[in-house]
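S.K.: In order, the protein sequence lines correspond to chains B and F. Numbers given in this note's numbering equal positions in the first sequence, counted from 1, plus 102. Numbers given in this note's numbering equal positions in the second sequence, counted from 1, plus 10.
No lab work stands behind these hints, which were simulated from the structure alone. Incorrect hints may appear among the rest.
Computed footprint of chain B on chain F; a stretch qualifies when at least three of its residues, placed anywhere within it, have a C-beta under 8 Å from a C-beta of chain B [what the hints assert, rightly or not]:
1. 90-96
2. 271-282
3. 354-367
The beta carbon of each residue, even a glycine, is placed where N, CA and C say it ideally should be.
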Amino acid sequence: MLNRLNNKEYLYAFIGIAVLLRLLLMPFFSHVDLYSEYRRVFYVLENGLFLENSYRFVTFWLEMAGAAFSTLFINVSDGLFHLDDPTQSTSNLTDYGFFLNDPNIFRHLFFFKLPYLIFDIATAVVIWKFVDNPVHKRIALLLWLFNPVTLFATYIFGRFEVFGLFFLALTALQLKHHKFMLASLCFALALHCREINLLFLPYFLIALIDFKDHWLKNGVTLVGCLILIALIYALPNWLLSAINGQAPLLFVDPNASHDMEILNKLFSLGYYWFYPIIVCLAALAFWEWENSNATHAERFVLTSACALFVFFAFNSHSVHYSSWLVIFPVLAVQFGRRMVFPMIVFTGLWVVLWLLKTDAGVFTLFLAAPLNTDFIGLGHFPTWFNQHIANEHLNLNKAIHIVRSLFLVSMAFFAYRVLKRD
Amino acid sequence: MGVSIAAAVSSTRTAWADSLQPINRINTNRVATHHITTSDDGSHTITGTDAYVIGRLDSLENANEQTLYIHIPEISGKADLVSFELFYKLITDKRFDAAYRVKFQAPLKQVMQNQGIYLSLPSSLTVTDQQALRLDIDQCHQCRLVLPKHPEPLFSLIEATSASITNQSLTPISRVYAGIAEVEPNGITVSLQGWNKNNLQGDPSGFQIDGDDPFFASPALAISTQDLAGLYFKLNVPNGNSEVNYQVFYATEAHQFIERASSLVGVSSNAGVSEFFLPLDYLTTQAPAHQLLDRIRLDIIPNESDINSPQPWSLQEVKAVPASQAENYATLKPKRIIQRKVQRSGKKALLLNSIKKIATDWPFAILYALLLLANVIFVVRLLRRKHPNKHG
């Protein structure tokens, strides 16, 4: 049946199936972080503080648009998103409990995730356009649409990672078409979605260089793109400062500046081993420089993918951050890289690792609490492991270390497949 | 009965089902024991958390007498005070009814001096000849106990005018459980008399808040949860309090007031009236079921401006609502509510309750189902389309 479909029909059919799957998840699952995020959004909406906030600017404004749209369909209960102190905006379980029992919770969750769905599907379309080979197109599409990691991060946990991934994919697409300024614009917008995207800046800049061109032309391109990125990146802060003066930022510790906040987030993730990251990232930059025969998009995609493998190999991270790992390997399919098996290995290890590592609410049935608060406290795998598997030779910690090591191996496997030219 | 009534009843059931066959045993040996071991010298030691003795009430000479003599010649332990519970209603051969019991405490010294315990039973409580009684000795692990030797009875009724009884020797009863109130078709209006209060000035009909932890706690209610849908509260609040937060604690036969069995609600008041309905149907529909709503406590979570404000509040009405009237009160269930409960749905109930919750917002559920259906139709039509061109 599938072979009968032409490419366009194939795209539509699988987007249809993917949307169906996502719709089935959207209203019924959530982590407390999603509520916290939208509490900030509603705080800004209710207080009209649009010009005082530059916290993950693009992400936040997209979510605000979604929330504003949702109010057309929802009579928001009084006080549901009330926030006493915006600098302490992460919700406690009591406030989240009120949200869980709100009669409109399914509507809220549906509309909260609607912008994610739109950008998720838009990313699929970008991937489809990015990959040329018809067979590769289909592989890349399926890898994106049905990988459990982004499905979990976006529709079960309920995080906004897909915005940043969309802009990164769009950056790669613009690079493919040699539209460097547009690529820079997209990259700058990606920076406003997630701080981690700063990691890719050196590789993006190197990817802009065309080694066949004169150094002056390359220099102009580089400087022009860098200025554009810097301008777009700094623009919200400058605009807000110009309009409002140096108003304190919402939702962040008043003692930390915005820039410091980003750096703190980037560098305080909990590194198992910091120095290999620096060495490997530098080596990647050299590899990209030396790999001058490859296209702009190929260099950007492959080195960015590997940068993330390095980052995740030596870093402790939250469960949904793993979704960052997905986009570049999917795009790497365009360059003939065989990504299906590494993706399966990575996904399997990710599931096992988080089953073992989870606390009460990250990878448990706590995420189904919108359906019924009786789910809270259920499905805690570490407890089951301790009761049924753990023994004097294999305790939970040891199991976590083993699987974490295997996870590192899966990153190495990914890197091998990405760097290996068939 | 060391840990809880429910645990005791449960373990009683288990023990009897296994081996005790109490009535037969009492007939032959006079007493039956649980979590109590017997030494060679005939003394006993409490070895478990659910220690009790069961015996038959000795023959009555005067049926009108209501002074019960519990003949315990000796009891020794670390604590000065021992808690007892006397169960006086046997439901079946295997189980005493937890709703019919008497709680009291007695100093060890007094028990020793009087060579037993004298209880003046209230007139509402009747005991009859040869009736089986069960005496639980709470939280007295490793206490040493001497029980009367056959044929001396453990329980007997004596004349109130007996010379051996003085006011000092009578052990005061701390609480009598004399059955539970079934929820009537129109509900039970809970009396507001005798409620304890904290950080409140006045009584339920008019009070001010003078501290940051104001609450009213009811006396023992003993309402059956069998047909109970929930509790209805109605208060008059000072004007200006458009949104008031409350926390309602409820005690059952298994626990006193605990955080894990309480509900937080945020209630919008209308013209100074704040009313809400708190569902409690899960007490019987979910596991572990609790049979008895014993007490309730209403905490007002005050704003700073409420404390020491001269404006009066009043608790107008508290009502136990039966299942048959639950629908009438459904609109009074607060939108802002967190119910912390000891009970939990089983797998099937969890699924059904989840579906019910989705169906509650039926306009959304219908639109959502239509959206899914449209999506399915779109995909199916696309997949079934016959197209000669493989790659467009």
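S.K.: Look at each hint and say if it fits the structure.
M.R.: Tested hints:
Residue count for the segment 90-96 of chain F with a Cβ under 8 Å from a Cβ of chain B: 0. That is fewer than the three needed, and the coverage hint is violated. Under the rule that three or more residues need a Cβ within less than 8 Å of chain B, the assignment of the segment 271-282 of chain F holds, with 3 such residues. Chain B is given as covering the segment 354-367 of chain F, and this holds because 6 residues of the stretch bring a CB closer than 8 Å to a CB of that chain, at least three being needed.
Checked against the numbered hints given earlier, this structure breaks only hint 1.
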